[in-house]
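K.L.:
First to last, the sequence lines map onto chains A and B.
So in the working numbering, spot 190 of the first sequence is number 195, and the numbers just go up one at a time.
So in the working numbering, spot 164 of the second sequence is number 169, and the numbers just go up one at a time.
I should point out that these hints are in silico values taken from the structure, not numbers from a laboratory.
Careful, some of the hints might be misleading.
Note that identical chains are pooled: a pair holds if it fits in a single copy or bridges any two copies.
No farther apart than 30 Å at their CA atoms in a straight line, the calculated lysine-lysine pairs in the DSSO-like style are these [what the hints assert, rightly or not]: (1) 368 x 217; (2) 134 x 368; (3) 331 x 8; (4) 364 x 291; (5) 156 x 84; (6) 92 x 369.
Everything numeric in this text was worked out from a predicted model, so none of it was measured.
Number of protein chains: 2
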Amino acid sequence: MQKIGILGGGQLGMMFIQNALSYPVEIHVLDPSPEASCAPIAHRFVVGDFNDYDTVMRFAQEVDIVGIEIEHVNLQAMKDLKAMGKKVIPDPDVLEIIQDKGLQKEFYLQHNIPTAPMKNEDDFPVVQKLHKGGYDGKGVKILTEKNRLEKFDEASVFEELADIALELAVIVARNEQGETAIYPVVEQVFNPTYNLLDYLLTPARIDEETAKRAQEIALKVVNAFQSPGIFAVELFLNKDGEIWVNETAPRVHNSGHSTIEAAYCSQFDMMLRVLMNYPLGSTQLKCKSAMLNIIGAENQWGEAEPGGLDALLGVPGAAIHWYAKKITQPGRKMGHATFVGDNFEWIISQIEQVRDALKSIEKKV
Amino acid sequence: MQKIGILGGGQLGMMFIQNALSYPVEIHVLDPSPEASCAPIAHRFVVGDFNDYDTVMRFAQEVDIVGIEIEHVNLQAMKDLKAMGKKVIPDPDVLEIIQDKGLQKEFYLQHNIPTAPMKNEDDFPVVQKLHKGGYDGKGVKILTEKNRLEKFDEASVFEELADIALELAVIVARNEQGETAIYPVVEQVFNPTYNLLDYLLTPARIDEETAKRAQEIALKVVNAFQSPGIFAVELFLNKDGEIWVNETAPRVHNSGHSTIEAAYCSQFDMMLRVLMNYPLGSTQLKCKSAMLNIIGAENQWGEAEPGGLDALLGVPGAAIHWYAKKITQPGRKMGHATFVGDNFEWIISQIEQVRDALKSIEKKV
Chain A
6 MQKIGILGGG QLGMMFIQNA LSYPVEIHVL DPSPEASCAP IAHRFVVGDF NDYDTVMRFA
66 QEVDIVGIEI EHVNLQAMKD LKAMGKKVIP DPDVLEIIQD KGLQKEFYLQ HNIPTAPMKN
126 EDDFPVVQKL HKGGYDGKGV KILTEKNRLE KFDEASVFEE LADIALELAV IVARNEQGET
186 AIYPVVEQVF NPTYNLLDYL LTPARIDEET AKRAQEIALK VVNAFQSPGI FAVELFLNKD
246 GEIWVNETAP RVHNSGHSTI EAAYCSQFDM MLRVLMNYPL GSTQLKCKSA MLNIIGAENQ
306 WGEAEPGGLD ALLGVPGAAI HWYAKKITQP GRKMGHATFV GDNFEWIISQ IEQVRDALKS
366 IEKKV
Chain B
6 MQKIGILGGG QLGMMFIQNA LSYPVEIHVL DPSPEASCAP IAHRFVVGDF NDYDTVMRFA
66 QEVDIVGIEI EHVNLQAMKD LKAMGKKVIP DPDVLEIIQD KGLQKEFYLQ HNIPTAPMKN
126 EDDFPVVQKL HKGGYDGKGV KILTEKNRLE KFDEASVFEE LADIALELAV IVARNEQGET
186 AIYPVVEQVF NPTYNLLDYL LTPARIDEET AKRAQEIALK VVNAFQSPGI FAVELFLNKD
246 GEIWVNETAP RVHNSGHSTI EAAYCSQFDM MLRVLMNYPL GSTQLKCKSA MLNIIGAENQ
306 WGEAEPGGLD ALLGVPGAAI HWYAKKITQP GRKMGHATFV GDNFEWIISQ IEQVRDALKS
366 IEKKV
């Protein structure tokens, strides 16, 4: 049986395994936390640091294929494994570019991929992105005259602030033969009061021409990388109609979660197909969908349980994905909920009914 | 965290766990085989006989809720657990009826549920069904003048041979409050050459009135049982238009597998909702679907792998569920494939293309 090794054992790995169990494959996982979401279900779970060269090399010895569910892994190990003839997906050269926002920006510019132009760091307003270590919105700051003293000290990219109409994302799969499969465009809906991500809708409520353009840009990014893998390309649709690539994740992504319920082939199934070099799946949708993250509530730090679960499960077509993280922390992603249906009006009305209750809370004793 | 204990650790339990991992629950499994499909993924897997009173009692001590994925479990243990206040689903009284085809037949007759009339055992042709131990088509025989000497010796029901137009199945869920959810009717398509089950289609290609009647009969069966659980009611649609109940399984069932891909709430998710007393899910379909069992090929007895997997995965919307059974045996259910789409003509044309290759074979070394 083929053995797939995944670097990272969080929720992405967990959802990957839930699906991969339907195939004749064995899944090995490396994660520093013995309480990682993948720990109870991986065929082999190794506690160790995926940023440590020796740990990754040792872990990979026992598998046939190395994949990732987080991009911040030891790059040299990935390169050496590839050089030794191990199948490593995505290509380590792509990881190197994506791990560094400076290289990533250069890459887009070199390949004529539309992206926010670079800018002088004192030409406010300006967006500062740390070259290294940014993750999940961290390491990014909008600098103005007013807050300019908050500038990060570390090496950074400075770019123009996009005048955003909508934030979009497109997931693209590419296999070893260079064949690709493109998912429908995802729309990120922000809460106007708090300017926080509220929920995701698939397919995005944009006209066909714009959707096609977004997909073409995402495809251009992935083809430029020339690497097999699953890629989530995050895009800004600007108010003037232009589309800019914000950044790319070389892995399954939060914005693709509703493909589990709504697409013929989920992003997790697609990842397995890419790793195993099975035929790519169909990205066609069965229905419309929304995805809502379940976040740790304020001031709650204990053993976690989902608040509002009964309300959620009372919604026809709603599903929960609870990530099996032991401890709830304010703002921590603890799970997500998917809503499916034929029209967004109804789907959004259902979200409204459960959104306030649906959060991760401390377990009542 | 609530602990669910499942008696039986085969593919039904495995698919149950794959979904249950998305919830804040812990799954314990009891099965005699250390190589059972559930073994690598249950939170706790106990090797032991679910037909043994003491083994079941000991296993159940550590869980809050006891469920089944096979109906042939120790009945006295289930009764005593219920008497001790443990939540046991389905009700042991229902298990008692279903474990005995004689009691099951009486039950249908008592509750005015249409079923094949009982018949004198020498009034050929006649269908003989063993009271006990029948499973998956075993323990049932059609007796004629010609083969009458092949009659089983054990206690049996003798009933009229149905003049079958179609074999149908309806899955019904019932919760502790007596609320029910009914899935669309499933049609079993037989291979005309071999008269073997070929594939299942959902929804059945029957008129609305017949579908409604089938669902009403299935609901009547389940309401008569007055027990929470998931029930698969197998039906004959006779050539004269009458519908007869053949038998009922008090658990998730082969005929419900395509709900994973095609229904808002799969039968496995529904089972979890019933066990946890969460709101029942929606049985609405997202698309049409077909399900094909993957069977052990003739003369192959070694370590198993699926033949034809690449062809299957090349079909848009096709999915595999490989049951992680180590050894392939002729006729053994080793997995299944689901096909989804908008119309059956296309779906069936896709099945035709992969059917011959899609079987469990010995791994090539």
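K.L.:
A separate judgement is required for each hint: does it hold in the structure or not?
P.N.:
Status of each hint after checking the structure:
1. With identical chains, the CA atoms of residue 368 and residue 217 are never at most 30 Å apart, being 45 Å at best within one copy and 44 Å at best between copies.
2. Within a single copy, residue 134 and residue 368 get their C-alpha atoms no closer than 37 Å, and across copies no closer than 51 Å, so neither meets the 30 Å cut-off.
3. Taking identical chains as interchangeable, the C-alpha atoms of residue 331 and residue 8 lie at most 30 Å apart whether they share a chain (28 Å) or sit on different chains (16 Å).
4. In this assembly of identical chains, residue 364 and residue 291 lie within 30 Å of each other by CA distance both inside one copy and across copies; the values are 27 Å within and 28 Å between.
5. Proximity of residue 156 and residue 84 under a CA criterion of 30 Å is satisfied in neither setting, with 33 Å inside one chain copy and 69 Å between copies.
6. When the C-alpha separation of residue 92 and residue 369 is checked against a cutoff of 30 Å, the pair qualifies only between copies, where the shortest distance is 21 Å, while the shortest distance within a copy is 46 Å.
Consistency with the previously given hints fails for numbers 1, 2, 5, ordered from lowest to highest.
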